[in-house]
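Trainee: Assemble the complex: chain A is given as a structure, and chain B must be docked to it using the hints.
Okay, here's what each chain looks like letter by letter:
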Amino acid sequence: MEELSKHFLNNNRRQFLKKMGLGIGGLAAASMLDPFSGMAANASTNPTGLNLPHFAPKAKRVIYLFQSGGPSQLELFDHKPLLNKLRGQDLPDSVRQGQRLTGMTSGQDSFPLVGSQFKFNQYGQSRAWVSSLMPYTAKIVDELCFIKSMHTEAINHDPAITFFQTGSQQPGRPSMGSWMSYGLGSLNNNLPTFTVLLSRGTGRPLTQPLYSRLWGNGFLSSLHQGVQFRAGKDPVLFLKNPDGISRNERRQMLDYIAAINEKQEREFGDPEINSRIAQYEMAYRMQTSVPETMNVDDEPEHIIKMYGMDATVPGTYAANCLLARRLVEKDVRFVQLYHMGWDQHANLPGQIEKQAKDIDQATAALILDLKQRGLLDDTLVVWGGEFGRTNYSQGTLTDTNYGRDHHPKCFTMFMAGGGVKSGFTYGETDDFGYNIAKDPVHVHDLQATMMHLMGIDHTKFTHKHQGRRFRLTDVSGHVINDLIT
Amino acid sequence: MKKNLALFLCFIIPFLAVLSVKYVLKKNDASSYNASNQYGLDSNQGKVKTQTKLPDTVDFNFHIKPILSDRCFLCHGPDEGTREAGLRFDIEEGAFKALGEGLNRYAIVPGDVNKSQLVKRITALEDEKRMPPLASNLSLSEYEKQLLIKWIKQGAVWKTHWSFVPPVKKVLPKVSNAEWISNDIDYFILKRLDQEGLKPSEKASKEKLLRKVYFDLTGLPPSISDIDDFLNDTDANAYETVVDKLLASKAYGERMASDWLDVARYADTHGYQDDVLRFMWPWRDWVINAYNKNLSYDKFIEWQIAGDLLPNATMEQVLATGFNRNHKITQEVGIIEEEYRVEYVLDRTNTTSKAILGLTMECAQCHDHKYDPISQKEYFSFFSFFNKVNEKGQVGYDELPEPNLKITKNEIKDVLAFVNLPDSIEEVRPMIMKDGARKRKTFVLKRGAYDAPADEVQASTPKVVLNYADSLPKNRLGLTKWFFDDENALVSRVAVNRMWQQIFGVGIVSTSADFGNQGALPSHPDLLDYLAVTFREEGWDMKQMYKKMVMSSTYQQTSKISPQLLEIDPNNVLLARSSRSKLSAEMVRDNVLAVSGLLVNKVGGPSVKPYQPPGLWAETTSGVGLTNYIPDTGDNLYRRSLYTFWKRTVPPPSMVTFDAPTRDLCEVKRQKTSTPLQALAMLNEPQFINAAKHLAENIVTKTAVDDSKKVELIFRKITTRYPNEDELAELMAYLQTVKNDYKSENSKESTEQAKSIYAYRALTSLILNLDEAIIKG
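Taken in sequence, the protein lines are chains A and B. For the first sequence, the positions run 1 to 485 when this note's numbering is used. For the second sequence, the positions run 1001 to 1777 when this note's numbering is used.
Any given hint might turn out to be false.
[Stated by the list, open to error] Result set (DSS-like, lysine-lysine): computed pairs, CA atoms no more than 30 Å apart in a straight line:
hint, chain 1, residue 1, chain 2, residue 2
1, B, Lys1755, A, Lys233
2, B, Lys1159, B, Lys1170
3, A, Lys240, B, Lys1693
4, A, Lys263, B, Lys1710
5, B, Lys1739, A, Lys233
6, B, Lys1693, A, Lys263
7, B, Lys1392, B, Lys1409
8, A, Lys233, B, Lys1693
9, B, Lys1299, B, Lys1474
10, B, Lys1150, A, Lys464
11, B, Lys1120, B, Lys1299
12, A, Lys233, B, Lys1743
13, B, Lys1120, B, Lys1153
14, B, Lys1053, B, Lys1203
15, B, Lys1409, B, Lys1602
[As the list claims (entries may be wrong)] Listed next, the stretches of chain B that the computed footprint assigns to chain A, with coverage defined by at least 3 CB atoms under 8 Å from CB atoms of chain A:
hint, segment
16, 1284-1294
17, 1327-1338
18, 1362-1373
19, 1517-1523
20, 1680-1687
Rather than coming from a laboratory, the hints here were simulated on the basis of the structure. All residues carry an ideal CB built from backbone N, CA and C; glycine is no exception.
One chain only, chain B, in its complex shape:
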C-alpha cells in the first residue's frame, strides 16, 4: 500500500509541476527600454515612485497636459478630421470657448468646477455620458480626475507646451552642499535631491570611474597600463587628464559615430527585397572624422542636411549630405516607381524631424497629427524640402543610385583625406543629396498615399515650433538656418538631451524621440534648458559638452544602490547614484576583442565581414545579390563593430541579439534587454570563444607569475578592477576544478601547459560571462 502511494506520488508530483507551469500566461512586458512618461509626470514634486497625494499647485504642463493629450486629444485635439463636438483641448482658445447651441456652456470655467462641463463628463456615472467614452478603451484614474478638478479650482491656468518655449538659462540654484559641486550640472541635480531629502552617493572607485568614462567616450575598455597609470596618478587633475586624452583619441569619433549610425539608419545594403549592396561607408568615415575634429553641432547638422547647397560647397560638405540618402531603396521588379520614390522622401522627412526636432511628425502623414499641433499640410510642407532629388523609385541590381559623388584617390589626396579607400578600389560613389528636380511640385497626399495628391504646398516648417521667416530660402539650406535660429526651442534641447542619454543612459527627457505632447516631461527641466543654452553659447561644441557631463560630480558617483534608493527611485531618475548601464552591442564585442588583444585599431574604410554563423544569408536569399556571407580574413575579422557589414534584411546576429536596431528606420534610443539568446552568444559565440582562448594562451605562455596573479590579471583586463579576496578564491577554486577534471584525448598534449591553457580558457570565458563584464560602471 505504502509502495503504491509512493508510486502515485512519483507520478502526481511531476504532473502538478507541469500543470503549475503550463498556465503561466505572463502579461507583463517589463523591459526597461520603454520608459513611460510617469517619471516626468510626477517629477516636479513629491516622491518619484508613486503619486497618491495631489500636488499643492497643479501645473498645466506637468500635470494636466499629459492627461489631456493622452486621453482626450484623439477626439478633441489637433486633428480636425476626427474632432468631436467642435471641442479641442490642444489650444487655449479651444479649451475655453463657448459651446452648445446657445453658446452658454463651457468645457472649462476657471475656478468654477460646477459650471465646467469637463468635470461633469469625466465624473458622470452613466457609461454613455462619461468621458473618455468606453469604446475608446481609454479611461481616467481617480487621481487624474482629481488633478483635473483641482486645476480648474485653482483657476485653470493655461501654459504653452514646454518644449515650444525657447530655453532660458536660469541662475544656478542654491544647494545644501556646495562642496559636492564639480560643475554647473551638479547644482541642478543636487537641488532636486535636496527637495526629495536625498543625498548624492559617494564617489565611484577610481577603477569603476575609469571603466565607465572609457566606454562612454571611446567605447573601449582601458588597458592594464591605462588603469595602473590612473591608479598611480595622485594629481588632483588625474581624472581630467584622462578625459582630455580620451576626447582627443581616434576612438572617440568611432564611439560617437556608432550611435549616429542608428540615427542615420546607416547600412551597407538597400534594405528591401533582394537587399543589394550600396556604398555609403565614405559617409560613415566622414561622420567619424567630423566627431574627431570636433565639428560644431550646427555645422555637423547643416552639412548633413544641406551641405550641397552651401555657397561654394566643398566635396566634404556634399559628402555629408549622404545622411539623407541612407534610407532604404528597392530593386524589387514590378514595383510602382512613384510609390517608392515618395516613400524615400517620407523617410527623409521623418528622420530629419525625429533626429533634429525630436518630433513625431510622421504621425501627420495621413491626417493632422493626433497629439501635436502639426497639420497634414505642414507635414507635406516639410516634406517639400526633401522632395527635389532627382532619384528613381526602383534601382537596378547593379545600378549605382543617383545622385552620387565620385571619389577616387585624387579626391582623397586633395580634400577627403579621412576617407579610407583601399588600394584595391579605384573609386567609390556614395549617394548624396542634390536638388536636380527643382520644378517638382509638392502636394498634400490624401491619406498619405502617393497617388492621391490634393492641394499644392510650399516648403515650410511647423508653425508651432517657429515661424519660417520669409527671408529664408525655401530649400534645405534655409531649413538649417531655421533649425539654428536662436528662437528655435527644440534643436538645442534635443541635441543635449541625446548627448545626456549617451553619457547617463537615459535622457533628461526619457523619450528622446518625442518632445511633443505625448513625450515624457524633463526630469530636470532647468538643467535641460541650462545645457541647451550653454551648448549654443559655447558654439555647439560637442567635446566640451561631453566633457562637462563626465566631469560633473553627478557622473562620478558610485552605482551602488541602497535599498532605500531602490525603493524611492528604482529607475534612477533623480541621479542620486550612477546607473549601472549595460554595454551596447558594439561595446560588448569590442570589449572582448580589446581585452584579448585581438582588436585591430584601424579607422574607416569599406565595411568588414567578421565571423557569423554560416548559412544565415543563404537560407533567405532568392539567389540574387548578396547570397552568401563569406567572412573576411586577417585583420578584418577583428575590427571595431561599427565597421561590421550591415545587411538590413539579415543584420549581423552579434549586433541585433544585443539590442541593436535593424537600421530600417531612424532610431534615437536603443532597447535595453536581457535575453537567453544573449547568454548563449556570450557563452558560445565563436568570436568570444576565440578571444578567450587567445587571452588565456597569452597569459599562460607569456607571463611568468603564479596562478593567482594570472587570474587577477585576466579579471582586471575584463572588469577593469582587482578582484577581492572572495572572488579570487572562487576563481582559483574554479581553475583548480577544471584542471583536476582535465582529461586529454591526445596523450601527446597531456602536458602541464596544455592542461593549464585548457583551464585558463574556461576561466577566461567564465569572467567574460560575469555580469560585470558587460556593465560600464
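If we strip away everything but chain A, and leave its shape as in the complex, we get:
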C-alpha cells in the first residue's frame, strides 16, 4: 500500500517542476512528463486504463542476464554422479520416453551418457552444488535462488530464445521488458525504461546469433522497445551530435525549434506538437545521461577489481554487468543482457571453461555490489539460457572430449534479490539429469513469477490487439509461490 500511495506524488509533479524554474526546455519537458512512460504519445486520448501495479511489488527493477545458446546445467549446477558412473552407456529408452530430438542428434546411432568433466562441491550454508567452473558464484550461493527444474517447449535456438523473451516461439509478440515498460512505466526521467546490452562469449565466439526482435515491442507502442546501449562512442543510435556541434549549440537549436513549433501549435491546435517538443527534450537529456551512465571512470579500483579487469573493456560481459548496476542505480526499470556463446555441441569441456570464466566473476560481483548498495532488495537478477543440454554426448565421446545437444526437458536457472528466497534450491531432476523429478517450472511459470514480483498479476495484465487480449504468458503460467520470500 505504501508503494501505491507514493504514486500520488506524481500528480503534483507538473506543478512542482514548473516552480523549480527549469527554463524553456525544462518547462516543455515538465509539462509533458516523461516521454518513455507513454504519456506523451497522445496526451489527449483516454488512457488504456491499466491499473498497475496490481499489488505492492517486491521488485522495482530487473536485470536479466540471458545466457544465449543453452548453458549446460550438467557442467555448472546440476550434479549427476550417475552419469559419470554410466559413462559411455546408452541412454535408456525408459528415460528418454520418446522425447523429440533435434536434427543434429536424431540420426545418431547411439546416445552415450556422459557426466561432467568438472568437479562438483557443495557451498555455503545452503550447501548448493556448484562445479569448479564457477568459483565466484560458488561463494555467493547463499544469495541465490536456484531453479533446477526449468523446462521449455522449443528444441532449437530461434524459437526457444523468442519463447523466453516474448512468451511465444514465433516472432510478433512484445518482449518481457517491453511489457514491463508498458505496464509499469519509467522510474527515471532521463533514460530509457528498457535497455539492452550485448556481449560475445569466448567459449564459442561464433555461434548462434541474436535478433533485435528479442527486445522488440511487438504490437505495443514503439515507445516500449528495448534501447540497445552499445560499446563505443555512440552508445545509443544517433545520440552524439555531429562533429562541431556543441551542447550549447544544440540547446540553442532546440529552443528555436520549440519556439517555431509552438507557433504551429497555436495555429493548428494539434496536441501532437507538444508531444514532439517533449520527445526532443528527452533526447537532449539522454545526450548527457547516457554517456554519464556509460562512463565508468568514476568507479573506484576495488569495484573494477570485483567485476574483473574486463569491466574496463567496453562490450564485455563484465563491463555490461557493471553498466547494469549503474543503470538500475539510476532506476532503469528493465536491463536485459545477452551473453552469446553457450552452444557447446562439440568440444564442450574446452569451450565451456572459457565461457564460464567470462561470466562467473562479474555475475557474482554484480549481485554483491547490488547488495552492498542496498539495491538487491528491490532488484531482481535472473540468470539463465533458453534450454539445457543433453545428458548424452553429441558426436563421438572420447576420454577427454564430448559435446551436448539441446535439451528442453530440464535445465537450471538462478535468481537473486527482488523478493526471491536466498540460499534456496527449487525443483529436482532425476539421477540421469534428463527428466524433472520434482516441481517443474515452465517458461510461462517463470514469466508469471517475475511479473508477480514486479506487482503484476500476469493473468490480468493484457493488451488487446486485433480483437484478442494478449499477455506475456499467453494462456498458461502459474506463479511459483515457493520461490518468493
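Mentor: Okay, now just chain B, sitting in the frame of chain A:
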C-alpha cells in the same frame, strides 16, 4: 543559523525533486496507433467522445454485439471446446434457445426483462452468480448493462454481423450544404456532420493541399517549381491536373508498393536464426509496375494468390505469386523440417486472410475461433489451399529455395521488362508458388501442432463469409474466384478501407486487420459500402478510387483544429477537418533526400545498402551469412527507402525507429508514435546531416539572393510553404546567432563563405527538425 537553513534547503530541494520523479509509475499507453473500437461503438448517434445517454433505439450490431463478443464469447461463443452451459451468443438460435433441465428458461426473452436470465446474471449482486465471472478479469460497465437491458426491452432484434452482409449502394443522403460537395464521398461525410451539428472546415491552403496530395500519392514532396506552378495555376481544374499528373508518375507505384510490402511481409533475408539472403526483389518490382500500369485490384490479387494456376499463365503472373513466398524460412541446423514447413503454410493462410478478408483467422489455428464463427476445421480447410507447395522446412545456407522462377536477360527482354536486372547479375530466382505436392493431404492439427493430425479436410473457405460453390476448383484459383464473387461481402470493403487508411490516415473501419466481431465498427457504414460497391462496379480500378478520395472536399479541408473540434472529436473520426498525419518512415527519409537534391530516382532493382551505423549486423551475427553491413557507394546511397535492404533480424534502424514493422509477419496498419529516438535520428543521423549540408552548400554557393530569400527557399523546400513574418524573423535571428558564434578552427577556412555554409547547415537542420517537416498536410 540562516546559513544553515539555506544549506539545508540546498540539499532538501533537489532531494524532493528526485523523490517526486522517482515514483512515477505510468500506466498509460496512450499512443494513438491502438484505436479501440469505441468510436465505432458510439458512432451512429450522439457525441463521439463519450457516451452516457442511452440511444433511443438500441442496435444489435452497433451496441450489443460488441459487448457480447468482447465480454461473453470467450465462454458463450463459437468455440465449442470452451463453451459453458451449452449457451452461445454468437448465433441467433443459440441466444434464444431454451435452457435448463426443464427447457423452461431463456437467456433472452424479447421484450421481457424479468424473464431474461441474462439480465439476472449481469445484475446479480453475488460475485458467484454475476456474469462475466470474476475470474475472467472481464466486467460490464453500468452503461453496458443498461444497453443490454434496453435492447431486450425493445424486443431484442437480432442482426447478422454487418461485415458478412454484402454491401449495398444506398442513395446519396440529403445534406445541408450542396455547395460544399465535390463528389459522392462528401455526401456521406457531410450527412454525419449535419447529424452532429458540425460544419466541415475551410479548404486547406493551396500549399498545404499540394504537400499532402504529393505525399499521399507519390510519397515525395513537391519541388519548388511544382509549388510555383500550382500557386500560379488559376484554372479551376488546377488541382485535378496535379492529381492526374501524380497518378501517372512512376513515384505513384513506388509509394503504393511501399505499403504493400508491409502487407506482404517483404524482406531480403529469410528471417530466422542466421537470417541469410533471398532474392525476392523482382517480385517487388512487379508490385511497383502493377500499381503503375494500374492493374485492377481483382487481377492484382488473383495473380498474387493464383497466378501460376491461370490457364496459360504468363511469367509475369507466375512471378506475382511470390507474394505468398515472402514468409520467413529457417536454415537453423537441427530443426524439424515438418514443424517449419507447416509454419510457412500457416503464415500464408494468416497473411491471405488478414490482407484480403480482414479476418483474424489465425485465432482458429489451435481451437475454434473465440469471437468469430470460424471453426478450427474451417481454418485448416483454408490452410489446405496453401499446403501443396513442394517446399522444404529447412533450407541450406546457400540454397535457393524451391520452387523458384529463373529470370535472365532473355526473360526480361521478352516479358518481364519491369524487372530491373543489373548487368552484373546473370540471373535471379525469386520464389514462387507451385502446387508440386498435389497429393499432400491436409488434416486438422490438434492444438495447431504440426505433429498432431486429426481429421482430414478438403480445401474450402469459412461458410459464414460465403459458401464455397461446388463448381469452383478446390485450389487457389478457385479461391480467387470466391474472393471476387459479387456476394463476397468482405473483399471489396477490406480493400477500399485500406485505401482510405492510406489517404485519410485511419480506415473507415479503424481496425483494418479485423472486420470480425471484435473489430471496430465503421465510422461511416454507408460510405464504406458505397465505395466498396463502386470499386467493384468501376472494375476494381485503384487509381480511380484514390482519385475519388483525394478529389473530395473532405480530403481538401484544412487540418486546423478548433478547440471545439478537439473537444468533441479529438481523433477526427467525423472528418470535420483533415488529419495532421505524420510521414511514414520511408517518407521521412525520402523527403530529406528529395529536398536536399540527393535523391536518385531510379525504379526497381536489387535492394540497396545506404548508410547505417557500423557494427549493427556484426554484433549479433554468428559469423555465418550476412555478417557485416557494407554500405553501397554512389547512387545507391540515395535511392528511395523502399529499396533499402531489409534484414529481418536486424531491420534498418532508420525505418524501425519511425514505426516501420519488422516484416516478420503481415502488417496492414503501422503504429504512429513519437519517441526520443526519433528526435535523435532527426537531429544526428548522418544521412540527414549530410543532406542538410548538401542543401545548405547549394543554397549558399548557387543562389545569388539575400539571406532572407535563401532562408525562405530552404523553408519552402522542406515545408512546401512560405514562412510567415514571425517565422522568418525567428529563423533569421537564429542564422545570425550561429554566424556570430562561428569560430573556425582553421584560419584558412575562416572566410565569409565558410561561416555562411556553417550557419546554413545548422539552419537547414533546424528546419528539417520542425514538426511540420515530418507532417503531411
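Trainee: Each hint should be assessed against the structure and marked as holding or not.
Mentor: Consistency of the hints with the structure:
no. : hint                  : result
1   : Lys1755/B x Lys233/A  : holds (28 Å)
2   : Lys1159/B x Lys1170/B : holds (19 Å)
3   : Lys240/A x Lys1693/B  : holds (17 Å)
4   : Lys263/A x Lys1710/B  : holds (21 Å)
5   : Lys1739/B x Lys233/A  : holds (28 Å)
6   : Lys1693/B x Lys263/A  : holds (26 Å)
7   : Lys1392/B x Lys1409/B : holds (28 Å)
8   : Lys233/A x Lys1693/B  : holds (22 Å)
9   : Lys1299/B x Lys1474/B : holds (19 Å)
10  : Lys1150/B x Lys464/A  : holds (28 Å)
11  : Lys1120/B x Lys1299/B : violated (53 Å)
12  : Lys233/A x Lys1743/B  : holds (25 Å)
13  : Lys1120/B x Lys1153/B : holds (14 Å)
14  : Lys1053/B x Lys1203/B : violated (34 Å)
15  : Lys1409/B x Lys1602/B : holds (19 Å)
16  : 1284-1294             : violated (count 0)
17  : 1327-1338             : holds (count 8)
18  : 1362-1373             : holds (count 3)
19  : 1517-1523             : holds (count 3)
20  : 1680-1687             : holds (count 6)
Against the hints set out earlier in the document, violations occur for numbers 11, 14 and 16.
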